[in-house]
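Trainee: Each chain, letter by letter, is given below.
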Amino acid sequence: MRNFVQKTAQLTFLIAALFAFVASDQNARFQTLGHKVMCICGCNQVLLECNHVGCTYSDRMRGELASYVDRGDSDDLTLQAFVQKYGPTVLIAPTTTGFNRVAWVMPYLVLVLGLTTVVLIVRSWRTRPQVIAAGGVGRAGNAELEHYREQARKDTEV
Amino acid sequence: MSQIGSFALLLALVLSAYSFLAGLVALTRKGAGAERLGETARRAGIATFAMVFLAALVLVIAAFQDDFSIAYIFHHSNRDLPGAYKFATLWSGQEGSLLFWSLLLATYGLVLRLRYKTDSRLFAHASVIIAAVQVFFLLLLNFAAHPFAVMQGTLPQDGNGLNPLLQYPEMVIHPPMLYLGYVGFTVPFAFALAALIMRYPGEKWIQITRRWSMVTWGFLTCGVFLGAHWAYSVLGWGGYWGWDPVENASLMPWLTGTAFLHSVMMQEKRGMLKTWNMWLIFATFLLSIFGTFLTRSGVVSSVHAFAQSSIGDWFVGFLAITFAVCLFFYVKNRSHLRSEHKLESLVSRESSFLFNNLLLLVACFTVLWGTLFPVLSEWVQGNKVTVGPPFFNRVNVPVALLLLLLTAVGPLLAWRKTSIESLRRNFLWPALSAIAVGAVLIVVGIRPWKDITYLYSLMTIMLSALVGFTVISEFARGGRVIKGHTGQSLFASMVQLAHRNTRRYGGYIVHFGVIVIMIGFAGAAFNRDKEQEMGYGDKMSLGAYTLVCRSYTQEDKPNYSSEWAIIDVFKGGKQIETLYPERRFYKASQQMATMVANRSTFKEDLYLVYEGLNQDTGRPILKVHLNPLVMWIWVGVWIMIAGTVVALIPNAVAVRVTAPARIQAAPVGAGD
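If you read the protein sequences in the order shown, they are chains A and B.
According to this note's numbering, the first sequence is numbered sequentially starting from 1.
According to this note's numbering, the second sequence is numbered sequentially starting from 1.
So that you can see chain A by itself, here it is in the shape it has in the complex (with noise of 0.2 Å):
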């Protein structure tokens, strides 16, 4: 008898353990995917960050994701629930396919030109000669202009 009841209070505590578990894991996913959908009542914002008072629409949609997430619906799935009823602009980011690529790869293939375009300057730079200012402005020569070269140097030297 004893030992039936010590392996039932086992069980419980592990059914309890295991429900706690699958509700926090619930309430994150909640939480992560509330953040990757807007409110599309106009506010701008993402849907778990949407504060206004009477919006028709963060109240409903805050339920539909907890509906989808409580059903087990993974994340994919309920996103595409999403767009499907609202449109591709309820989804805060553009996704990875198609052209929506682009949005995301042109900022590094920017960064890589740029790179790119910086090192073959520096390499220009160190192995072309020296260029005299155009229109016969030579340092030496202009007085004003080195006069306001000293105003620079004495502007940024100790």
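Keep in mind that the hints are not guaranteed to be accurate.
Said to hold, decoys possible - Cross-link-like lysine to aspartate or glutamate pairs, in silico, EDC-like; alpha carbons within 20 Å at most: (1) Lys36/A <-> Asp451/B; (2) Lys530/B <-> Asp59/A; (3) Lys85/A <-> Glu64/A; (4) Lys36/A <-> Glu344/B; (5) Lys36/A <-> Glu531/B; (6) Lys450/B <-> Asp59/A; (7) Lys530/B <-> Asp568/B; (8) Lys85/A <-> Glu378/B; (9) Lys417/B <-> Glu531/B; (10) Lys530/B <-> Asp75/A.
Derived from the structure by calculation, the hints contain no laboratory data.
Values in this document were obtained by computation on a predicted structure and should not be read as measured data.
Starting from the structure of chain A, add chain B where the hints point.
Mentor: Positioned in the frame of chain A, the structure of chain B alone reads:
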């Protein structure tokens, strides 16, 4: 009243058009006649200021007199609006804010035209360019967005009122600061274009516009962060930056302006990057105009954009013409912009500026790209997509970290060339100290391996520490040299050091402000929040705080009615404060607004939002955010402003007693 304003605006347009055309003719001719014509153009420019000022004054007076016969006043004011907000009506709507823009431009133009004797020919060119920009804004005001349009039909008894989100003290100063920044970049732009048109020798235009650029950048910095503080205090979502298109519009010229302030030193000191600097200032001006276009054209949706209108087409036209003019003169006179020196080493101050500029421009491009991608997507795919914070953060956070690293390394590099040995010697202790900071943070509980945001946060704080240590070591090293000569205390020596070279050490103070802000940003990784219905006596716990709802109350005021919660805050079982989160209902506009209650400390903000009543239960809902280190951001901004002010103070040149040999003996090549 409206007739006086309309007449003043029309006269301002005529005067600015004359200033532009007569100035242009005078510049293309020679002789006493051309000089006289140029002088009349200058005076017409000054008179333009008088007329635009009169128009703005009339609009403000109309707001104070509740003159609802003027449509703008009807739409943006009401009888019970407090005086400060009636004054702010001037920039609260589309037409008024364009008038305010025009007024600021006219004021900058006035200062420039009064100081023309510095270099009359260069100033005359710049004056014509400013007059051209002024003509554009006055055309808009007269024909597309007239602030003195009159109401048709029966005169209304009261106005629609000011947008509730704008009825907050910071909104009285945030837009002027931002506009002073936006408009201010017109001046260095005008000088840059003038110098290019004239094939002006040397870097004199940069010397002349240095203070303009810094003051303008300082205003823009204030404006951007005042906007962030306003969003934090009013919008009630617990954050200060949401990558909204309007926020992005203000950030873009700030980024290119920051790049310009750095790279321009290469031109001043080494005669390099002339083309780059020219285009940077062109880009900064164009982005300022582009930002105005974004907020007024309706091409992107935003919380605080102005109403959609047709003036977007005007801006597109102006941007296209401006770009074409810049490109034309660049192609025509590009030989004038050749570098005078070559880069001698990759490990040099010049290289660090190049990479600094690259990163700032990549950040700017990312912001621009993310802001416009929804439009591009609609054009290509037929449907808009949302580009929100995850996109901007994913690209810009690593870029910001790299910038922090450069901010740390840059000051340790000498112009032309730095030996690795010198770099190692100067970098060793700051680097070790930063690593120690990182180790301490891991010991106290930051787990960078658990989440990428924790990793970014840790790296931000470590790199900020690195920058801080290098800045301190720079001050200490210079201070010790002066102390050796004068026998003063180290602190007094450092003050003297900063006074001797305000630009360099003011710049370091700005860098110090930046790292304080970055530490504040790093705290966002550890934000927490909780939402709960709170009846009388109900409790809620978050972090070390326990909140107890004492009561709810209501109040009726002429301009709005409000309801708020009275929340006692306990920490460690002891009551530390009572907070009053509030919601207001503005009667004229029939709109709600949040007034956040915030207990701010250096460690964290306890940020309370009263969200209103639950529709089902009728019980009040309270949302509580615990946001670490937010106060650091606002403190950092003050430090940045202080640094900018220091950099604007003239150097104490008379006490230049330091022996050059002594300075050269210092381990790092001098220069900023």
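Trainee: Each of the hints needs a verdict: does it hold here or not?
Mentor: Hints and how they fare:
Under the criterion of a C-alpha separation no larger than 20 Å, the hint pairing Lys36/A with Asp451/B is consistent with the structure, at around 17 Å. For the hint pairing Lys530/B with Asp59/A, the CA-to-CA distance comes to about 16 Å; that is within 20 Å, so the pair holds. Distance hint between Lys85/A and Glu64/A is fulfilled; the C-alpha atoms sit about 11 Å from each other, no more than 20 Å. Straight-line distance between C-alpha atoms of Lys36/A and Glu344/B comes to about 49 Å, which puts the hinted pair past the 20 Å bound.
Between Lys36/A and Glu531/B, the direct Cα distance comes to roughly 19 Å. Compliance with the 20 Å bound is thereby established for this hinted pair. About 31 Å separates the Cα atoms of Lys450/B and Asp59/A, which puts this hinted pair outside 20 Å; it is violated. As the CA atoms of Lys530/B and Asp568/B are separated by approximately 16 Å, the hinted pair is consistent with the 20 Å bound. Between Lys85/A and Glu378/B, the direct Cα distance comes to roughly 18 Å. Compliance with the 20 Å bound is thereby established for this hinted pair.
Among the hinted pairs, Lys417/B with Glu531/B is inconsistent with the structure: their alpha-carbon atoms are about 57 Å apart, more than 20 Å. A distance of roughly 23 Å separates the Cα atoms of Lys530/B and Asp75/A; the hinted pair therefore is violated under the 20 Å criterion.
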